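Peer 1: As a plain string of letters, each chain reads:
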Amino acid sequence: MRSFAGRDILSLKGFERNEFFRLFEIADRLAPIARDRKRSDLLKDKTLVTAFYQPSTRTRLAHEAAMLRLGGVVTGFSDAKMTRAGDFYQESIKDTVHMLEYYGDVIVMRHFKQGAPQEAAKWASVPVINAGDGWGEHPTQVLTDMYTIWKEKGTLDGLNFLLIGDMRMRTMHSMSYAMAQFDINATYISPPEMSLLPEFKEEIDALNLNYREVDHVKDAIADADVIYMEPVVQPDYTKARDERSGDVGLTPAQYQVTLDVMKKARQDSIILHSLPRMDELLPEVDGTRHARYWEEAFNGVVMRMSLLASVLGVME
Amino acid sequence: MRSFAGRDILSLKGFERNEFFRLFEIADRLAPIARDRKRSDLLKDKTLVTAFYQPSTRTRLAHEAAMLRLGGVVTGFSDAKMTRAGDFYQESIKDTVHMLEYYGDVIVMRHFKQGAPQEAAKWASVPVINAGDGWGEHPTQVLTDMYTIWKEKGTLDGLNFLLIGDMRMRTMHSMSYAMAQFDINATYISPPEMSLLPEFKEEIDALNLNYREVDHVKDAIADADVIYMEPVVQPDYTKARDERSGDVGLTPAQYQVTLDVMKKARQDSIILHSLPRMDELLPEVDGTRHARYWEEAFNGVVMRMSLLASVLGVME
Amino acid sequence: MRSFAGRDILSLKGFERNEFFRLFEIADRLAPIARDRKRSDLLKDKTLVTAFYQPSTRTRLAHEAAMLRLGGVVTGFSDAKMTRAGDFYQESIKDTVHMLEYYGDVIVMRHFKQGAPQEAAKWASVPVINAGDGWGEHPTQVLTDMYTIWKEKGTLDGLNFLLIGDMRMRTMHSMSYAMAQFDINATYISPPEMSLLPEFKEEIDALNLNYREVDHVKDAIADADVIYMEPVVQPDYTKARDERSGDVGLTPAQYQVTLDVMKKARQDSIILHSLPRMDELLPEVDGTRHARYWEEAFNGVVMRMSLLASVLGVME
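Protein chains in written order, with our numbering: chain A, 21 to 336; chain B, 21 to 336; chain C, 21 to 336.
Hints should not be assumed to be uniformly reliable.
Unchecked claim - Beyond 12 angstroms from chain A on every Cβ pair, some chain B residues (computed):
(1) Gly-174
(2) Leu-179
(3) Phe-220
(4) Leu-229
(5) His-310
(6) Phe-318
To be verified - One side of the interface only, derived from the structure: several residues of chain B facing chain C at Cβ under 10 angstroms:
(7) Thr-77
(8) Arg-78
(9) Ala-85
(10) Val-93
(11) Val-94
(12) Leu-227
Keep in mind that the hints were calculated from the coordinates and are not lab data.
Since this is a predicted model, take the numbers as computed values, not measurements.
Note that the Cβ used here is the ideal one computed from N, Cα and C, for glycine as well.
Could you build the full structure based on these sequences and the hints that come with them?
Peer 2: Listed below in structure tokens is the structure:
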């Protein structure tokens with residue numbers, strides 16, 4: 021297995037089974053620090069640079085919290101539009117990275133443009149972690165999700181995954197690459213205009229992923245061990261939540277998980293959602309034994325601890 | 021007395037006399053750390069999460085500085101509009117809190133909506149501190165103010181408070197609840213459209229607060245031990261300070277504290293203002309023995325140190 | 021020599037030769053911490069307050085990274101427009117500083133208005149570092165640049181500086197004051213509307229700076245030991261980089277440094293640019309032995325370490 025020390029985390033394509041398990045084991049060893057609400061001094065010498073060209077408070081804070089729990093410190097920016105115009109938003113990734121690499125010891129980058137973290141990694145003398153690049157990938161989220169499932173199920177093999185959402189999105193890309201490393205049957209459900217793109221299907225075919233596409237959550241819910249969700253509608257961001265009365269009920273029933281839908285589900289099926297949600301996942305489900313999205317949030321910090329400790333070479 | 025460990029600080033309604041004094045004592049014990057410009061290691065294991073749905077740099081930085089002085093670390097967001105649309109600004113408090121509680125060990129929340137920190141506290145596994153909720157309350161500011169007065173006067177009982185400002189505002193609400201726990205005579209002065217609301221009067225009547233309302237600062241200045249001020253006019257935020265020539269002189273004389281007004285005040289009266297100010301409090305007063313707003317700023321850090329150390333259970 | 025402990029760093033006017041060298045020496049002693057990617061505990065008791073009334077991510081992060089490398093912590097704001105309107109953007113520097121001085125132990129201020137850090141220093145009980153004030157000065161950048169040149173050349177005396185950019189800008193002001201302390205010949209090149217202002221020429225004449233102004237980089241490149249650059253055109257900030265096709269080729273050839281221009285340059289000449297750049301400095305030059313802008317970026321952290329350690333009195 022390749023060492024994680026000094027390595028960039030850019031994509032889950034080509035990420036191997038044993039690399040998942042290595043990160044899971046390290047996560048297990050570090051989890052007590054977060055659970056006991058402590059700070060270790062594992063990374064007390066290290067500085068994390070957050071380079072968020074787009075705001076993503078959840079992803080940014082999960083990385084920051086992870087770094088702080090490991091004793092490290094954080095600097096960076098949370099929205100490139102808030103930087104001096106022409107500063108980071110406008111200039112080349114190469115010029116920016118030749119600054120950022122001196123401000124800390126690992127760079128976590130969210131970028132509106134697919135491939136930007138890859139370009140950054142080409143120039144940086146420190147590891148670059150992709151925190152979401154346009155339509156590209158979102159490897160740290162999916163590592164979190166796989167870790168959550170592994171913790172709940174004890175295995176990733178032999179499971180049926182039901183995936184609901186926009187299949188053109190980065191999280192679904194990373195998840196598809198990840199599933200292909202395990203004995204997982206994937207069922208994709210999305211509105212037609214959000215279905216798997218032909219060129220992406222070629223990729224997952226080449227990886228020998230066992231998958232099918234269905235139209236209605238009811239047609240697949242009975243078999244699912246894992247229900248993996250993302251929104252299929254976008255809120256009207258011009259209105260505050262309280263004014264968005266029209267937003268409620270926007271998700272068509274065939275892409276929605278409700279208490280009624282869950283009555284047809286397996287007793288031990290679990291639901292994951294990285295949030296925020298629209299009405300594709302109703303709050304009435306939150307109190308059931310199926311919901312695992314709060315655990316997913318906790319694991320979001322633990323997995324980032326595992327990643328930071330690994331690429332910074334303090335855990336092997 | 022109820023323990024502060026693990027407790028939410030949401031409102032000063034029902035806050036008891038001896039609870040004020042407990043926080044004052046802890047503040048006195050922690051103040052030397054801030055005065056000597058040191059960091060202690062009392063909270064070296066702990067992370068503060070700042071959840072500011074509205075910017076409030078003073079309140080946010082006072083909490084951050086307090087956490088840092090105690091050896092802790094900080095993560096969070098300073099303006100929800102800067103987060104990904106739909107991220108924190110749009111989603112339910114429940115969903116957001118089930119993330120934030122994993123990013124740190126205490127949440128300080130400023131929200132544009134009254135009651136939001138209370139809602140957050142319902143779901144959070146960590147203490148929630150209300151840093152101002154809409155028209156609701158601002159308990160940490162008023163604890164700071166009461167501590168400042170107590171330090172200056174040696175007591176809170178037997179004092180006459182003159183309150184000038186918008187009586188519908190959160191700070192005045194928290195201050196009214198606080199005054200009711202002591203032998204304080206309150207005199208409220210505000211423009212008619214900013215006077216105490218009938219339902220709030222019922223509340224402070226029920227608390228047996230001894231108060232009156234007058235029209236002109238000159239009618240009450242001679243008796244005041246404490247002059248507690250807030251703006252009664254709002255600046256035109258669309259213009260930079262230098263362009264706002266028209267803003268100067270906006271505050272009617274009856275709500276204004278000037279050198280001339282202070283000539284009629286008691287020799288030992290003190291002025292508090294949490295700032296920023298318009299022209300209700302003229303800079304010509306800054307150099308007099310009455311001004312205590314800079315001490316208030318220093319105490320703003322010290323009181324937040326006391327609160328953080330208390331709710332995180334390291335000081336009793 | 022005046023001690024640096026407790027001192028404000030506001031301007032390079034009146035900064036003496038031996039003060040430059042003292043900061044260089046301290047920088048040399050601290051550089052290994054940054055180079056080895058460690059944190060020292062020299063400033064573990066100290067908090068830096070960043071007061072950026074305008075965003076400037078590079079300058080802010082260089083200071084933050086420096087503080088973190090020295091074991092200190094950071095709080096502050098990165099754009100006053102993001103603070104509560106009327107909070108810091110609108111109020112007087114005096115009122116703001118009488119808050120900020122309690123939030124930490126040194127204030128680094130960027131302000132859109134010339135003279136603001138000087139005004140802040142008048143009121144602050146802690147050192148104030150000018151991180152750029154309007155058209156005024158940018159002393160920490162130029163200290164970085166002079167340190168970079170000194171490291172590369174072993175001396176600052178007997179060198180020819182070629183300065184290309186907008187001579188009305190703060191960096192050029194600080195650099196001119198700095199050059200006057202050494203045996204440096206300065207050649208300024210700028211578009212006519214960006215040339216040295218008459219009142220500034222009087223200042224550098226009074227400092228006995230040896231300088232000339234020429235029209236075309238080709239007329240001066242052969243003599244230059246140091247080529248010191250800034251943009252002479254501004255990007256169209258309303259467009260994202262990818263859309264700004266029209267921006268390319270905006271800089272007239274006489275203010276541009278290209279591979280072709282560098283063929284006429286001295287073998288050992290070096291190019292400095294604090295970035296970001298437009299097309300005044302072409303990427304084709306990056307791979308040549310002349311480029312020193314990445315070293316400049318690294319030194320930007322090291323020089324800020326030297327400044328923070330010096331004004332906070334832990335290095336003499």
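Peer 1: For this structure, which hints from the list above don't hold up?
Peer 2: Hint 12 contradicted; others consistent.
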